[in-house]
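S.K.: Top to bottom, those sequences are chains A and B.
So the first sequence is residues 117 to 315, counted in this note's numbering.
So the second sequence is residues 117 to 315, counted in this note's numbering.
Honestly, I wouldn't trust all of these hints.
[To be verified] Simulated DEER-style distance windows between Cβ atoms: (1) B:S124 - A:S124: 29 to 37 Å; (2) A:L189 - B:L189: 55 to 63 Å; (3) A:Q213 - B:G294: 48 to 56 Å; (4) B:N252 - A:D154: 32 to 40 Å.
Read the hints as simulated data drawn from the structure, not as lab findings.
Glycine included, each C-beta is placed from N, C-alpha and C at the ideal position.
Here are the chains, one letter per residue:
Number of protein chains: 2
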Amino acid sequence: MQLSPSLSQLIEALRCLPGIGPKSAQRIAFHLLERDRDGGTQLGKALTKAMSQIGHCETCRTFSEVSVCDICLSVKRQDSRTLCVVESPTDVLAIEQTGQYQGLYFVLMGHLSPLDGIGPREIGLDLLERRLSEGNLDEVILATNPTVEGETTAHFIAELCHKYHVSPTRIAHGMPVGGELDLVDGQTLMHAFSGRRSI
Amino acid sequence: MQLSPSLSQLIEALRCLPGIGPKSAQRIAFHLLERDRDGGTQLGKALTKAMSQIGHCETCRTFSEVSVCDICLSVKRQDSRTLCVVESPTDVLAIEQTGQYQGLYFVLMGHLSPLDGIGPREIGLDLLERRLSEGNLDEVILATNPTVEGETTAHFIAELCHKYHVSPTRIAHGMPVGGELDLVDGQTLMHAFSGRRSI
Numbered sequence: 117m118q119l120s121p122s123l124s125q126l127i128e129a130l131r132c133l134p135g136i137g138p139k140s141a142q143r144i145a146f147h148l149l150e151r152d153r154d155g156g157t158q159l160g161k162a163l164t165k166a167m168s169q170i171g172h173c174e175t176c177r178t179f180s181e182v183s184v185c186d187i188c189l190s191v192k193r194q195d196s197r198t199l200c201v202v203e204s205p206t207d208v209l210a211i212e213q214t215g216q217y218q219g220l221y222f223v224l225m226g227h228l229s230p231l232d233g234i235g236p237r238e239i240g241l242d243l244l245e246r247r248l249s250e251g252n253l254d255e256v257i258l259a260t261n262p263t264v265e266g267e268t269t270a271h272f273i274a275e276l277c278h279k280y281h282v283s284p285t286r287i288a289h290g291m292p293v294g295g296e297l298d299l300v301d302g303q304t305l306m307h308a309f310s311g312r313r314s315i
Numbered sequence: 117m118q119l120s121p122s123l124s125q126l127i128e129a130l131r132c133l134p135g136i137g138p139k140s141a142q143r144i145a146f147h148l149l150e151r152d153r154d155g156g157t158q159l160g161k162a163l164t165k166a167m168s169q170i171g172h173c174e175t176c177r178t179f180s181e182v183s184v185c186d187i188c189l190s191v192k193r194q195d196s197r198t199l200c201v202v203e204s205p206t207d208v209l210a211i212e213q214t215g216q217y218q219g220l221y222f223v224l225m226g227h228l229s230p231l232d233g234i235g236p237r238e239i240g241l242d243l244l245e246r247r248l249s250e251g252n253l254d255e256v257i258l259a260t261n262p263t264v265e266g267e268t269t270a271h272f273i274a275e276l277c278h279k280y281h282v283s284p285t286r287i288a289h290g291m292p293v294g295g296e297l298d299l300v301d302g303q304t305l306m307h308a309f310s311g312r313r314s315i
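Produce the complete structure using the sequences and hints provided.
M.R.: Dropping the structure here:
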């Protein structure tokens, strides 16, 4: 028995979602058709719209429907001399949710990973270099993830900053607030000790 | 910070997928935007098409883009006097994959569940009754799931069959082929014993 062509196409297309194999794709397709056609139609429209309309901000590279994003355009932030470098737009979201940072952002959309063919150009370091060269920045906060690739990327950007006499800083590593000492991994604990401050 | 409107809409729309919460929806949206725009666009189109074009077969109620599905139209099957009643189109698929059954199907699209407001009409038993009354059937194979609801539904349909002098049969319950006796649950084992056959 052949499934109807639209249904096979839908099941095949659902497999582009991360972590969805053939069985899950089939389950999702039947779920939408049997129980949530409105939701499915909405999702179809939202996907088509988002995929065609969302581009990158010309200044900070985050996702944006307009050429320059809200944060880069914000009057309060435009004169800020601090730039926070993160790996992904979700990191911007996480930092913004704390409400403590009032500076600008630069989104790499990844990290250096030469083996995967991701070099400085792919993560927009040419654009970042231009911003550094303009002389409007005092500090670059390197908020890439504390992974091997994230650290490498941070060091690479730090070198770039030194070249343009902008001071690079790295976010602190240590105990997460509310964490328990005996449940934290050795690396983090080591960072927490070496980064101790007098009180 | 506000996410761009198309992006928020996409994240919200993704939550109609079964088992996808706000965090996963965000992760999927960013994955598609960063790494698989073509896939996302395809999926959008496939969803829109499937949700608007896929209806139900007038004869057996399975999903179909045309008014009567391939199986019901099949010349080889049209004269079959055996009807297999299943809960969902995926069950038809599973049975067809065995390649052993050459009869017709009737898809309930669910099972009787009075507490959820699913009565005989909702699972198309009026349509099934009409087919029984036409006198073209000798046997109805009840292949609903071996759950409480599935059994109830099977018994309800069996009564209906008796009324129209069509003989109802229930698929066998017992040990799954390749299973191990000590790993099988008691209910199944009991069924396997009571349903024993002489060899």
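S.K.: If a hint holds in the structure, say so; if it does not, say that too.
M.R.: Results for each hint:
1. B:S124 - A:S124: 29 to 37 Å: holds, 31 Å
2. A:L189 - B:L189: 55 to 63 Å: This hint holds: roughly 60 Å between Cβ atoms.
3. A:Q213 - B:G294: 48 to 56 Å: Once the Cβ atoms are compared, 52 Å apart, the range 48 to 56 Å for G294 (chain B) and Q213 (chain A) holds.
4. B:N252 - A:D154: 32 to 40 Å: holds, 37 Å
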